[in-house]
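K.L.:
Take a look at the letters that make up each chain.
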Amino acid sequence: MDRILLRFSEENVEEPITSQVILELGIPMRIVTATVNSLGGDILVEVPAVHVEKIVKAFKAKGVIVKFPKLIEVDCDKCYDCGACYALCPVDAISYEEDYSVVFDEKTCIGSPCGLCVDACPARAIKLVEQNRNNRK
Amino acid sequence: MDSSKKSNIRTISEINQKIKSGDVQVVTAEEMKKLVESSGVEVAYKQVDVVTTGTFGAMCSSGAIINIGHSDPPIKIQRAWINDVEVSHPGAAVDLYIGATMMSETQPYEYGGGHVIEDLIAGKEVEVRATAYGTDCYPRTKLDTTITKDDLNQFFLLNFRNCYQRYVCATNSRDEVIYTYMGKLLPKFRNATYSGAGCLNPLMNDPNYETIGIGTRIFLGGAQGYVIGEGTQHDPSNRFGTLMVRGDCKQMSPEFIGGGAFTKYGTSLYVGMGIPIPLLNIGLAKKTALRDDEILTDIVDYGVPRRSRPKLGKVSYATLKSGEVTINDRKIKVSSLSSLKKAKKISEKLKSWIENGTFFLSAPAESLPTDSVCNVMRQSKEIAFVSSVFHEAVTCRVDEEIKAVAQRIISKSVNHVIVTDKLGEIKGIVTSWDLTRAIAEGKSRLADVITKRVFTTRPEETLEEASRKMAQHHISALPVLDHEKKVVGLITSEDISKLRGR
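From first to last, the protein sequence lines stand for chains A and B.
Each residue of the first sequence is one higher than the one before, counting from 1161 in this note's numbering.
Each residue of the second sequence is one higher than the one before, counting from 58 in this note's numbering.
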């Protein structure tokens, strides 16, 4: 499964675009998080990797901006590999390796609606990546 | 065969001879457990001269003493700050102690003494500000300069309590997230944290301090340092021993020492420490074979802000390292706050130093105490608890008429009525102000008026904690709940101010 971020504008947020794409392509998508209001919004969806291209094309054709989001950034030089973040993650995106390295699975992380790990990091090595909704052109 | 292999004991000078000749046999504490399991303790004792240990964790009772040299005209510093972190001035003129937990006045909780020490060790420039009252011999009253570690005459880590033998596993019973020195604890036992390296911990591998004492050479922050005595709160009889250590910061590396920030708690210093345990006798070989499943610690409820926090059970370091513990029959994830990866790396680094002949063992000049006790504070003024102030609460049910509740407020002359269910559990709170507003807004159902999210207290909480809660949430009363979450009373800000006025 791959994750894509769909960005809706004030103009198209009221259209049932996501449902249309699902119906047209007949491909199921899992909505991971959604932050939407009348001015637009972001929906993070998980789609089968083999169909990513087709799905991206369909959304773009309907005027939706599609991104492959980086939701979290971990500064490995700062990280102490303690794992203070580990037990806080609600989606099990953080784990210990055999040698006790702490690793983040960026594909599982849900990013800004959560962020439970960010202020728990004593080395301040974790940052949520702002999706810059207000700065878009 | 040399004679030492035939006899049953080794001496430190024999081991140092072997380090010199390159014949020394060193294993890390982790490797030692495996060796003993596969070959038995006698074979392991014959083969191994030294076992190396390691730990890397937040050690708040740490700091560095620096001497910044005399200015011209000279100053006798009274107060001083480095990168806006107040440092203490314990001595004559220009000696400063950077305490790890002192916080920046401009970036509190994010930057502190631990970070200043880290920045200096990393070679960064820091800003020193100081004030003084001025004397005939030290006329200067103000100072503002930038320095690096190269400008310091002395820069020594001087930690008065480090390297706890083991520590507790923390969790939280409260309904809210709490931020502690044991990290972020989610409500209702949803996570847990622990600290310490378990079987790699230095003091755990020599629990009776047979080889560790004043003058023991150790790995400290990536350089060679020394044990200078037992640490404060050293509590050997409860297996909570601690160490006081010293090391030259100018030789240290940011890889093994650095600042830490604990949200809403404060700053600290992560310290990397490793101690070599010479296997002087077979007893020590047995002790260094101690496994994680044999080291137990308590699971403690940090939701209760008292000195003696409730213990919820025991857990081994093997379970803690698995990432999951069972609390109240439920499995929850448990985080390590110290770095097991770095602890292991330190034990390996120390091993390579000894093998390369760059680190020699030292015999302690004096042993650490094994029978001292750690007392609690003598409090000459008694502090008050909620239990001594709270009174009976006036209650109602959610389906009662607003009028009936209003009458009760008048007849009992109170401002707060607690909404409970049949079992006496809290469902909400309603105040005289809420009822006034209900009339003004024409609301007739009690359910539309009550506040459902209620902040509460317990009889054993201190009055200080209760008033802090009220101030924090801008409220004037807290229902008092017992351990079964049943309402036992109410405490108001008025109750507290009456007591203070006495």
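No lab work stands behind these hints, which were simulated from the structure alone.
Even for Gly, the Cβ is constructed at its ideal location relative to N, Cα and C.
Heads up, some of the hints might be wrong.
Using 25 Å as the maximum straight-line C-alpha spacing, the simulated SDA-like pairs for lysine to any residue come out as follows [claimed, not checked]:
1) A:1238 to B:167
2) A:1267 to B:380
3) B:321 to A:1234
4) B:378 to A:1260
Counterexamples of contact, computed for chain A against chain B with all Cβ distances above 10 Å [unchecked claim]:
5) 1169
6) 1176
7) 1241
8) 1248
9) 1279
10) 1287
K.L.:
Decide, hint by hint, whether the structure agrees.
P.N.:
Consistency of the hints with the structure:
Simply put, residue 1238 of chain A and residue 167 of chain B have alpha-carbon atoms about 14 Å apart, close enough for the 25 Å limit, and the pair holds. For a cut-off of 25 Å, the pair hint linking residue 1267 of chain A to residue 380 of chain B stands: about 21 Å separates their Cα positions. Of the supplied pair hints, the one linking residue 321 of chain B and residue 1234 of chain A holds, its CA atoms being roughly 22 Å apart against a limit of 25 Å. Annotation: proposed proximity of residue 378 of chain B to residue 1260 of chain A holds, straight-line Cα distance about 9 Å (limit 25 Å).
Interface exclusion of residue 1169 of chain A from chain B stands, the closest Cβ pair being 36 Å apart, more than 10 Å. Annotated as non-interface, residue 1176 of chain A keeps its C-beta farther than 10 Å from every C-beta of chain B; the closest such distance is 35 Å. Look at residue 1241 of chain A: its CB is around 4 Å from the nearest CB on chain B, not clear of 10 Å, so calling it non-interface is violated. Distance check on residue 1248 of chain A: its Cβ comes as close as 6 Å (rounded) to a Cβ of chain B, failing to clear the 10 Å threshold; non-interface status is violated.
With a least beta-carbon separation of about 4 Å from chain B, residue 1279 of chain A fails to lie farther than 10 Å from that chain, contradicting its non-interface assignment. Distance check on residue 1287 of chain A: its Cβ is at least 13 Å (rounded) from any Cβ of chain B, clearing the 10 Å threshold; non-interface status holds.
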